[in-house]
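Engineer: Here is what each chain is made of, one letter per residue.
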Amino acid sequence: MPWDRNQMAERAAQELEDGMYVNLGIGIPTLVANYVGDKDITLQSENGMLGMGPFPFEGDEDPDLINAGKQTITELRRTSYFDSATSFGMIRGGKIAAAILGAMEVSEKGDLANWMIPGKLVKGMGGAMDLVAGVGRVIVIMDHTNKHGDSKLLKECSLPLTGQGVVDRIITNLGVLDVTHKGLHIQELAPDVTRDDMIAATEAKIV
Amino acid sequence: MKKVYGSAAEALDGVLQDGMTIAAGGFGLCGIPELLIDAIVDSGVKDLTVASNNCGVDGFGLGKLLDTKQIKKMMSSYVGENAEFMRQYLSGELELEFNPQGTLAERMRSGGCGIPGFYTKTGVGTVIAEGKEHKDFDGETYILERGIFADLSIVKAWKADTTGNAVFRKTARNFNPPAAMCGKICIMEVEEIVEPGTLDGDHIHLPGIYVHRIIKGEHEKRIEQRTVRTREDA
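Chains A and B, in that order, are what the protein sequence lines are.
The end of the first sequence is residue 208 by my numbering, with every number in the run present.
The end of the second sequence is residue 267 by my numbering, with every number in the run present.
Treat the hints loosely; a few may be bogus.
Said to hold, decoys possible - For the chain B half of the interface with chain A, some residues (derived, Cβ under 10 Å), not all of them:
hint, residue
1, G61
2, M119
3, Q134
4, L137
5, G156
6, T159
7, E253
8, R255
9, R262
Think of the hints as simulated: they come from the structure by calculation, not from any bench.
Beta carbons: idealized from backbone N, C-alpha and C, even for Gly.
Sequences and hints are given; from them, build the entire structure.
Structural biologist: Quick look at the structure:
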């Protein structure tokens, strides 16, 4: 059985090591925080915070305390705050060990498209381009195929790029793949998914 | 020199000009200079270029300046929450320059530090890099981004002393310090003005040298996405 979104998030949490500073994107990546267990992980929110806590209890919302998705959140004892230039200084400077992000398309060369669909309303890239260019390791979580059943792992991205050659690892409902200079390398398969299933569902070159 | 003014309109007196460039602090609706935006709406100044991470929401924050069509061009990273923005953009009334969020913040900081340009990896190989100088350093390609030198900065802090030394609160700091730094004139609105010596000099987030005019007022502080957990989840 392929993984569901919670199982994908649980698998992604295994990528995180004790002591890491990590940035989680919106959507499935947010769920990763539920599976870090006893590991000492510090979450960065790129609007200017290290040490992001859970959502507040009803009535405790603070308009001065939001995450990069503009949701109300809480602080922890270890929390620090800083301005946006400092925040992206630590991102661009490679101080953030990993970013876990959603994607619309990933190419076999590690190109990532996740910010714009031409012809649809353009909302902007926010901090995504800075994150993928700057952090130590970029891990993508996404469904292997789109709603039409087409592969989201492509030879070349068809959508405008967020970054070129930036993705290190891809976790999909079918398994885990690494970007290598020869193509995508299967690291792991979800239960009852075969290597042939994975290859059949993938347009990108698998090595 | 007197920095404290009685109202946003007073603080903006003689500063506003059609066609000027304004750098605004805030992220979403968090830490935005609500009172100064309202006063700029009332002033009727037009053809503004505004550098701000977002453009408010319909009818609040910078969204108010869209409703009155006072903005000619936005420099932003994300403009998702605003139907009027999309309408004006798609109809060609409004110019939009997308900047990656960190590039926008660094462009403001750089402008404030007298740095006209800097190289960054962000955006290499994307539409953002088109038309920009590329340069290799140690085998890696970077693009040239320009510092922003704004005519006016409008920012919001939590507390300031009468000399403009300011502290921000939690994630409401965001773009406010870099936006404050890059303007020829910076006007800051705060929730509380205190006497010099009240704030610990070791704990100042933005030194008063960057702040020329200060006003105090009541802030609505609207929440964009109210997310909570129930006590049973704990």
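Engineer: Hints broken by the structure, by number, lowest first?
Structural biologist: The structure conflicts with no hint, since it agrees with every one listed earlier.
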